[in-house]
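Turn these sequences into a full structure, and let the hints guide you.
In terms of this note's numbering, the sequence shown opens at residue 44 and continues consecutively.
Hint data in this document are derived by calculation from the structure and do not stem from the laboratory. Watch out, some of these pointers could steer you wrong.
Here are the computed lysine-lysine pairs in the DSS-like style, where the Cα-Cα straight-line distance is at most 30 Å [what the hints assert, rightly or not]:
{"hint": "1", "residue 1": "K450", "residue 2": "K500"}
{"hint": "2", "residue 1": "K355", "residue 2": "K72"}
{"hint": "3", "residue 1": "K355", "residue 2": "K450"}
What follows is a set of in silico ranges between Cβ atoms, one per label pair, in the way DEER data are often shown [unchecked claim]:
{"hint": "4", "residue 1": "G96", "residue 2": "D445", "range": "49 to 57 Å"}
{"hint": "5", "residue 1": "G149", "residue 2": "G220", "range": "41 to 49 Å"}
{"hint": "6", "residue 1": "P240", "residue 2": "A481", "range": "43 to 51 Å"}
{"hint": "7", "residue 1": "G432", "residue 2": "A119", "range": "48 to 56 Å"}
{"hint": "8", "residue 1": "P128", "residue 2": "R335", "range": "44 to 52 Å"}
{"hint": "9", "residue 1": "E157", "residue 2": "P240", "range": "24 to 32 Å"}
{"hint": "10", "residue 1": "N477", "residue 2": "G429", "range": "29 to 37 Å"}
These figures come from a predicted structure and were not determined experimentally. For every residue, glycine included, the Cβ atom is placed at its ideal position computed from N, Cα and C.
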Amino acid sequence: MTISTRRRFLEALTAAACSAAPPADAWDKVPGILQRIQPPRFPKRDFDITGFGASGDGESDSTEAFRRAIAACSRAGGGRVVVPPGRYLTGAIHLRSGVNLHVAEGAVVLFSTEPNRYLPAVFTRWEGLECMNYSPLIYAFEQENIAITGAGTLDGQAGPAHWWPWKGRTEYGWTRGEPQQQAARNRLMRMAERDVPPAQRTFGDGDFLRPQFIQPCRCANVLIEGVTIRNSPMWEIHPVLSRNVTVRNVRVISHGPNNDGCNPESSADVLIENCEFDTGDDCIAIKSGRNRDGRRLAVPSENIVIRGCRMKDGHGGVTIGSEISGGARWIFAEECRMDSPNLDRVLRIKTNSVRGGTVEHIYLRNIEVGQVADAVVHIDFHYEEGNAGPHMPVVRNIEVRDLTCRKSRQAVALRGYKEAPITRVRLERCTFENVERANVVEYVEELALADVTINGKPAT
Numbered sequence: 044m045t046i047s048t049r050r051r052f053l054e055a056l057t058a059a060a061c062s063a064a065p066p067a068d069a070w071d072k073v074p075g076i077l078q079r080i081q082p083p084r085f086p087k088r089d090f091d092i093t094g095f096g097a098s099g100d101g102e103s104d105s106t107e108a109f110r111r112a113i114a115a116c117s118r119a120g121g122g123r124v125v126v127p128p129g130r131y132l133t134g135a136i137h138l139r140s141g142v143n144l145h146v147a148e149g150a151v152v153l154f155s156t157e158p159n160r161y162l163p164a165v166f167t168r169w170e171g172l173e174c175m176n177y178s179p180l181i182y183a184f185e186q187e188n189i190a191i192t193g194a195g196t197l198d199g200q201a202g203p204a205h206w207w208p209w210k211g212r213t214e215y216g217w218t219r220g221e222p223q224q225q226a227a228r229n230r231l232m233r234m235a236e237r238d239v240p241p242a243q244r245t246f247g248d249g250d251f252l253r254p255q256f257i258q259p260c261r262c263a264n265v266l267i268e269g270v271t272i273r274n275s276p277m278w279e280i281h282p283v284l285s286r287n288v289t290v291r292n293v294r295v296i297s298h299g300p301n302n303d304g305c306n307p308e309s310s311a312d313v314l315i316e317n318c319e320f321d322t323g324d325d326c327i328a329i330k331s332g333r334n335r336d337g338r339r340l341a342v343p344s345e346n347i348v349i350r351g352c353r354m355k356d357g358h359g360g361v362t363i364g365s366e367i368s369g370g371a372r373w374i375f376a377e378e379c380r381m382d383s384p385n386l387d388r389v390l391r392i393k394t395n396s397v398r399g400g401t402v403e404h405i406y407l408r409n410i411e412v413g414q415v416a417d418a419v420v421h422i423d424f425h426y427e428e429g430n431a432g433p434h435m436p437v438v439r440n441i442e443v444r445d446l447t448c449r450k451s452r453q454a455v456a457l458r459g460y461k462e463a464p465i466t467r468v469r470l471e472r473c474t475f476e477n478v479e480r481a482n483v484v485e486y487v488e489e490l491a492l493a494d495v496t497i498n499g500k501p502a503t
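Encoded structure:
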């Protein structure tokens with residue numbers, strides 16, 4: 044991609060929301076979003092990785108076979124790179140335009156636990172900050188028409204013995220005196236605050252910043268469908284600065300640190316449907332960069348539709364933040380089911396005055412909840428650093444309709460700032476049963492409740 048092409052790409056990500064007035068009913072906007080989200084199509088050509096030297100014995104290194112098959116497929120004008128039944132050990136996989144990585148039923152792609160298999164470093168966004176770091180396990184940079192499909196399994200093989208200890212927490216296998224990520228994480232944050240160019244923010248061997256599992260970065264026309272994803276080093280599905288993204292019928296099962304299920308970041312026109320999330324962090328977490336780095340790019344996540352998903356364990360079912368300095372808008376979630384004593388919240392918005400950002404036009408409807416451990420609707424301006432910076436967050440136009448929850452600690456916990464209140468939150472036709480504690484409402488303006496009951500009594 045040339046510099047001018049990149050500029051046009053970033054402009055396209057933000058143009059849609061700036062050009063149209065809000066419809067009378069926000070949900071009337073959804074058909075137009077879905078019309079723009081069209082999964083890529085691929086020529087009917089197959090490139091079986093075993094024909095390029097891959098072995099399905101689970102022990103032989105198939106990295107080079109994946110690379111050759113992907114290169115051949117892309118040179119031919121696109122098609123499927125097929126992973127047949129078997130167990131295939133590999134390092135980083137880099138997708139190219141026109142390639143559908145098809146993991147057949149009965150196939151398991153095992154990703155090496157040796158960090159050097161994810162070097163040299165690539166351009167990435169790590170916890171909302173641009174840098175050069177370990178390659179994500181499956182990575183694409185400035186590619187178009189790419190996919191990961193099939194009924195097979197992608198296994199990152201992360202756990203208490205590999206990757207997770209780098210978080211620096213004993214519950215994930217770390218012991219005192221062992222290496223961990225904190226020093227490098229702090230260094231990266233200092234670099235971003237000093238506007239060190241991202242290409243000079245070089246990390247990798249010896250820095251212990253865990254790679255993401257799947258990251259299309261600055262890509263267009265992306266499909267991830269059908270696969271099961273297990274045991275990631277950190278974030279699982281992480282589209283960055285990408286557009287026209289479909290994540291469909293995917294199962295994510297991974298309970299490690301920062302193991303978010305799907306994290307669209309500064310991306311537009313995204314559909315997440317009929318997926319199952321059982322995670323160690325947020326199930327879906329919408330992001331747009333952290334602090335000064337997020338404000339430097341100033342590209343929001345927008346026009347995102349979530350429907351028909353099932354959320355089990357996790358910190359939040361649908362979360363926005365905390366790396367949200369570029370903002371988020373026009374987020375829709377419907378027909379989702381959430382239920383677990385280890386799922387904390389249904390809708391979670393987390394930010395503070397260090398991160399700032401504008402979060403607006405967030406709509407949920409027809410949500411069925413068995414139980415959550417904390418508040419059903421949770422908006423928190425006191426996350427992590429709290430009110431310690433000059434960048435006042437803006438959160439407004441939040442609506443939840445037709446939600447039923449059978450058990451929770453609170454129905455809502457809304458904590459804004461006196462100088463920056465949360466504005467225009469509406470709950471309509473919502474039922475909250477077996478609520479343990481009173482709601483928390485701090486610095487909220489225009490809170491509206493219509494046909495809402497809590498423990499059988501009308502909420503006022």
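We went through each hint and held it up to the structure:
About 15 Å separates the Cα atoms of K450 and K500, which keeps this hinted pair within 30 Å; it holds. Taking the CA atoms of K355 and K72, the gap is about 29 Å. The hint holds against a cut of 30 Å. Annotation: proposed proximity of K355 to K450 holds, straight-line Cα distance about 14 Å (limit 30 Å). The supplied range of 49 to 57 Å is met by G96 and D445, whose beta-carbon atoms lie about 54 Å from each other.
At about 42 Å, the beta-carbon gap between G149 and G220 stays in the expected band of 41 to 49 Å. Checked against the hint of 43 to 51 Å, the C-beta distance between P240 and A481 comes to roughly 50 Å, which is consistent with it. One distance hint, 48 to 56 Å for the beta-carbon pair G432 and A119, holds here, with the actual separation near 52 Å. At roughly 48 Å, the beta carbons of P128 and R335 sit within the given window of 44 to 52 Å.
At roughly 30 Å, the beta carbons of E157 and P240 sit within the given window of 24 to 32 Å. Against the hinted window of 29 to 37 Å, the Cβ-Cβ separation of N477 and G429 comes to about 31 Å, which satisfies the hint.
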